[in-house]
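**Q** Sequence:
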Amino acid sequence: MNYEIRFHKDAYKYLQKQDSIARNRIIDHLKILSENPRHPELDIKRMQGLDNQYRLRIGSYRVVFSIIDHELVIIVIKIGSRGDVYKS
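Residue 476 in the numbering used here sits at position 27 of the sequence shown, and the numbers go up by one each step.
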């Protein structure tokens, strides 16, 4: 069963602003994530100090997301470059 991917408004805006190569690369990783949010080939780590939030590394991009297993939903909270995504 695939998980549904939902985007926070700011994450969706950031994704739309990227060039097609970067956008497609991120979307491809999110498709794999939707099939298995703990996929062993994806570079996923739990965020320190944050309950049920993870980060997915895609080259110099980071995707911060939360998993709601009982609803089969992944909420993409933030997408950004390595230096920007961890601020705030």
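These are computed hints drawn from the structure, not numbers from a lab. Quantities reported herein were computed from a predicted structural model and do not represent experimental measurements. Beta carbons are placed, not taken as given, at the ideal position from N, Cα and C, and that holds for glycine. There may be inaccurate statements among the hints.
Distance ranges between label pairs, derived from CB positions [claimed, not checked]:
{"id": "1", "residue 1": "I470", "residue 2": "N501", "range": "26 to 34 Å"}
{"id": "2", "residue 1": "I517", "residue 2": "P489", "range": "18 to 26 Å"}
{"id": "3", "residue 1": "I470", "residue 2": "D518", "range": "14 to 22 Å"}
{"id": "4", "residue 1": "K536", "residue 2": "M450", "range": "20 to 28 Å"}
**Q** Against this structure, judge whether each hint is valid.
**A** To see whether the hints hold, each was checked on the structure:
For the hinted restraint 26 to 34 Å between I470 and N501, the CB-CB distance of approximately 31 Å keeps it satisfied. Take I517 and P489: their Cβ atoms lie about 21 Å apart, and the range 18 to 26 Å holds. Between I470 and D518 the beta carbons are some 32 Å apart, a value that contradicts the proposed interval 14 to 22 Å. For K536 and M450, the Cβ-Cβ distance of about 35 Å falls outside the hinted range of 20 to 28 Å, so the restraint is violated.
When each numbered hint is compared with the structure, violations occur for hints 3 and 4.
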